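Asker: Going line by line, the protein sequences match chains L and F. Following numbering that gives the first Met the number 0, the numbering of the first sequence begins with 0 at its first residue and continues without gaps. Following numbering that gives the first Met the number 0, the numbering of the second sequence begins with 0 at its first residue and continues without gaps.
If you are wondering where the hints come from, they were derived from the structure by calculation, not from laboratory data. Please note that the accuracy of each hint is not assured.
[Said to hold, decoys possible] Mimicking DSS-like on lysine-lysine, the simulated pairs with C-alpha atoms at most 27 Å apart in a straight line are: (1) F/Lys401 to F/Lys535; (2) F/Lys69 to F/Lys535; (3) F/Lys625 to F/Lys578; (4) L/Lys111 to L/Lys18; (5) F/Lys349 to L/Lys1; (6) F/Lys578 to F/Lys203; (7) F/Lys520 to F/Lys401; (8) L/Lys111 to F/Lys434; (9) F/Lys620 to F/Lys535; (10) F/Lys467 to L/Lys18; (11) F/Lys467 to L/Lys111; (12) F/Lys578 to L/Lys18; (13) F/Lys203 to L/Lys18; (14) F/Lys535 to F/Lys625; (15) F/Lys620 to F/Lys401; (16) F/Lys611 to F/Lys467; (17) F/Lys349 to L/Lys18; (18) L/Lys111 to F/Lys625; (19) F/Lys401 to F/Lys578; (20) F/Lys203 to F/Lys401; (21) F/Lys434 to F/Lys611; (22) L/Lys1 to L/Lys18; (23) F/Lys578 to F/Lys467.
[Stated by the list, open to error] Computed far set for chain L versus chain F, every beta-carbon distance over 12 Å: (24) Gly39; (25) Gly157; (26) Asp191.
[To be verified] Computed from the model, here is a short list of chain F residues facing chain L with C-beta under 7 Å: (27) Thr46; (28) Gly174; (29) Leu263; (30) Glu351; (31) Tyr441; (32) Asp442; (33) Thr447.
Here the structure is a predicted model, which means the values were calculated and not measured. Glycine residues also receive a C-beta, built at the ideal position from the N, C-alpha and C atoms.
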Amino acid sequence: MKVAVITFPGSNCDYDLYKAAQQVGADATFVWHRERGLDGYDAVLLPGGFSYGDYLRAGAIARMSPVMEDVIEFAHRGAPVVGICNGFQILCEAGLLPGALVRNASLLFSGKDVHLRVERVDTHFTSQYEPGQILRVPIAHGEGNYEADESTLERLEGEGHVVFRYVDAAGEATDAANPNGSWHNIAGIINDEGNVLGMMPHPERAMEELLGSTDGIGIFTSLAASLSAVAS
Amino acid sequence: MSTVDEAVTETRVSPRPGDPEITPELIADHGLSVEEYERIRGLMGRTLTFTELGVFSAMWSEHCGYKNSKRLLRLLPTEAPWVIQGPGENAGVIDIGDGYALAFKIESHNHPSAVEPYQGAATGVGGILRDIFTMGARPVAILDSLRFGDLDSGRVRYLFGGVVAGVGDYGNCMGVPNIGGEVVFDRGYEGNPIVNAMCLGLMKTDELITASASGVGNPLMTVGARTGRDGIHGATFASEELSEDSDESSRPQVQVGDPFTEKLLLEASLELIASGAITGIQDMGAAGITSSASEMAGRAGNGVEIDMALVPVRERGMTPYEILLSESQERMLVVAEQGREQEVVDILEKWELEAKVIGRVTADGRFRVLEDGVTVADIPALPLTDGCPTYEREGIESDDIKALRETDLSEHLLPRGNLTRLFQTMLGSPNIASKRWVYNQYDTTVRTATAVRPGGDAGVIRIRGTDKAVAASTDCNGRFVYLQPRNGAMAAVAEAARNLVCVGAVPTAITNNLNFGNPLKPHIYYQFREAVLGMKDACEAFETPVTGGNVSFYNETDGRAIYPTPVIGMVGVIDDASKIVGQAFRTEGDDIVLLGENTDEIGGSEYLYVTKRLVAGTPPKVDLGKERALQQAVLMMTNARHLNSARDCSDGGLACTLAECAIGDGEALIGIDVTLDDDLAPVATLFAETQGRIVVSCAPEQTAEVLRIAEEHGVPAARIGSVAAPGSPFRIIMPEGKVEADLTAMAEAYFGALPNIMDAPSTTSA
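Isolated chain L (complex conformation):
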């Protein structure tokens, strides 16, 4: 599996994502935002951080980066694209995912572990999880409050595009378990075609027992499994 980790000015989880991809055996490469061409890559990962300092709106400037034209084309070809945290924000700004991520309801940055419920296991990114599995994964964002218009939300829910939801330790999607005010406790979604995933939590930070959790590994092993299935 050859994966590209895109680095924008201000990205700061690019290294973590690179290491996570390597951990599941991927051949990972950093791609600077001014480079062009993503031929030869099997998957594209957009890391977290503060691209362009979150100036204007989180992700609003990064989505103008030259490489984003290639990312959009890559996604339109049906190849897998994952955006985490700022990467999710960029995917929304670029129109690859619906909706927007606005300021946390608390108006404060929120950095802590949250529980996520895996809503679907029939995607490229979640096949290695059990249905309804509860994950413990860190979040770290100031603008992770997912919003969309009513019809988009209905479509996301109706067509099963919500992949991860904030829940409590018992698996209930309560208000108290919602760290940022996201509608319907949405933590991660996929596009209509199922090849673009955006999520605010950081699975790449939940890859080792020493650091507190290994629950994030499944996303990367699922991606690897999906790609090897395509290849064989």
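Following the hints, complete the assembly by docking chain F onto the known chain L.
Answerer: Then chain F, alone, in the frame of chain L:
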């Protein structure tokens, strides 16, 4: 521009048109005494220009010149086989083995934060990060040590909220995890908050680069942000007391931070250093270009010649005086290898930043400043950087404080009433309560290395590719130092070391941030001298040399000084990260063992502050020999994997320590059954902040060995109880009283205290 071969003669310097005349008032405004000015005139052999006066004013300020602290600081131990870089550089560096070195330093931003909390704190973090990456190290962790007045003041809540947001936003954007620190509330910090930020950076031992201007003829280049009119004379501002009108009039002296630019500057700087195209690099921090250029020249024994007309500026019409003294953020000065200037420009361009040649290294030992080719300042570099006179002031203890220390506290030992309710009140005191409201605003897990997050005794970062980890902690009990400076400073070092051994780390070295009042006042100088002497003894006892730090004097508002607060930032090394010990009780049935002995030393305790708003009495005595033995014993226990938890006993005493172990991160509340048979007043047993104690838990089959190791080290130790089942109560039984509390209520008091104060609607404005 002159060439390097020119004879060493002073160029003609004449005042610029429009420069004010040098008058005694102007000299005083620049923070220089008459004697100091005369000394400078003697050095120069002539009257100074306005520009030169500005340069001297910054370099001979307390902030840059350490004039009232240097003589005492020389007493501190600074050497050990593992110290690669001691004081004098941007940061200290130690060898941590496996080919890695750790750069670390702490710095204050108290005055700017008092005036503009968000920007003051943010730029404090920005500054300390630059100090680390200019050493060639990648910043891997931040700690913040914060002190404010009592939270019942709206102004204090505004300062607290702003500082936390500023620390968080800057570090979060940079992608450097915050792994710990401390937050203290006490009326002693009401008008003058303390904002100290510490940073740790990691590098290969051969990647070290220093801030010296070597290689005559090499070009000096500014890199990063442009120079503006912000922060002019910040260094001098930091060397004055605050007054009521500081708020408005000082705001232009506070810099504005841009963490995005700094993130680019970080990546560009590390790439520059790796390229070999530069020979030296220094942050333009306090006193901007003036200090970076003159200090780099001074360290190499060379001179520099820089032209202000070449410096990229944000606005037109800036005078050399303003450019020299601007403290605009996110700028660096580098010395490039001659002929490789374009490489530097290219690297900066990749990161969308600017690099520009502004001068050269010269052989004549002079700090020469031009404006479009015309010399406007010509000063011998070494006297400028190293010639600042140093003073040993008169130090006399204040009679008032002596009287406070001698206060009879026996009546405060009497309460025997509802101890459980008192205990719950203690847990909800902002000083004891969880600081989760603070560190939830910080990214603590970015860089995927944080093995122990904030909330415990020390934070821990693992070193990828090795078995190692590095731990760090910041500590100081300002009340203890206030009441008894020498013992208090020892306590700060001892607590930092205890915190490190509790996670399994060997204490290795310290950086210090000495926050004091006006040293010209004899009772303040007394505090400073005593504290330095206490720190010296403790650092020698624990073999933790001082590798650098920061002195912040003049922390006074309207003549009232803060508690003397020498914050200790200590780092330690864990050879095997799998041996890291947590702080919370883990397993039902584990034995709880107290290492050290209880006493009734309640002087300076949180108990007195919570119950009587009293800061008085003789603080708990530090016995360095006993502390050292305790630390060695705990390290032997953690190394042999005997312990399931370890926690230092400090603020709030034994009862609060046990509570923290039982509450943990709030997800698994575990009851305890503890019996304490000390022949002491119950409030002393529960809340005295006696030194030299650590609470550990272990599986029952390990207890005998734990007790044996303690005995072997001469450390008093006793099994005081056991960890109960989840859901059982928290129970401490004493001969003359008991605490029996419900853990859910305890957790509510502990976690709810700060949110209840800070998230209330009334706290959004000042």
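Asker: Next step is simple, just say for each hint if it's right about the structure.
Answerer: The hints, checked one at a time:
1. F/Lys401 to F/Lys535: 23 Å, holds
2. F/Lys69 to F/Lys535: 14 Å, holds
3. F/Lys625 to F/Lys578: Cα-Cα ~24 Å, so holds.
4. L/Lys111 to L/Lys18: 21 Å, holds
5. F/Lys349 to L/Lys1: Between F/Lys349 and L/Lys1 the Cα gap is close to 25 Å, so the pair holds against 27 Å.
6. F/Lys578 to F/Lys203: Holds, because 24 Å separates the two Cα atoms, which is no more than 27 Å.
7. F/Lys520 to F/Lys401: Distance ~16 Å between F/Lys520 and F/Lys401 Cα, so the pair holds.
8. L/Lys111 to F/Lys434: 13 Å, holds
9. F/Lys620 to F/Lys535: The given pair, whose Cα atoms are some 16 Å apart, holds under the 27 Å limit.
10. F/Lys467 to L/Lys18: The hint holds at about 18 Å.
11. F/Lys467 to L/Lys111: 25 Å, holds
12. F/Lys578 to L/Lys18: Answer holds: F/Lys578 to L/Lys18 is near 23 Å, not above 27 Å.
13. F/Lys203 to L/Lys18: Holds. F/Lys203 to L/Lys18 sits at ~19 Å (cutoff 27 Å).
14. F/Lys535 to F/Lys625: 17 Å, holds
15. F/Lys620 to F/Lys401: 16 Å, holds
16. F/Lys611 to F/Lys467: Answer violated: F/Lys611 to F/Lys467 is near 46 Å, above 27 Å.
17. F/Lys349 to L/Lys18: It holds: about 24 Å lies between the C-alpha atoms, which stays within 27 Å.
18. L/Lys111 to F/Lys625: 38 Å, violated
19. F/Lys401 to F/Lys578: Status violated; Cα separation ~45 Å.
20. F/Lys203 to F/Lys401: Violated, at roughly 50 Å.
21. F/Lys434 to F/Lys611: 23 Å, holds
22. L/Lys1 to L/Lys18: Between L/Lys1 and L/Lys18 the Cα gap is close to 13 Å, so the pair holds against 27 Å.
23. F/Lys578 to F/Lys467: 10 Å, holds
24. Gly39: 23 Å, holds
25. Gly157: 34 Å, holds
26. Asp191: Its Cβ never comes within 12 Å of chain F, the nearest being 32 Å, so this holds.
27. Thr46: Check failed: Cβ of F/Thr46 comes no nearer than 46 Å to chain L, outside 7 Å.
28. Gly174: 2 Å, holds
29. Leu263: Interface hint status for F/Leu263: holds (6 Å vs cutoff 7 Å).
30. Glu351: 6 Å, holds
31. Tyr441: 6 Å, holds
32. Asp442: 4 Å, holds
33. Thr447: 4 Å, holds
Of the numbered hints given earlier, the model fails hints 16, 18, 19, 20 and 27; all others are met.
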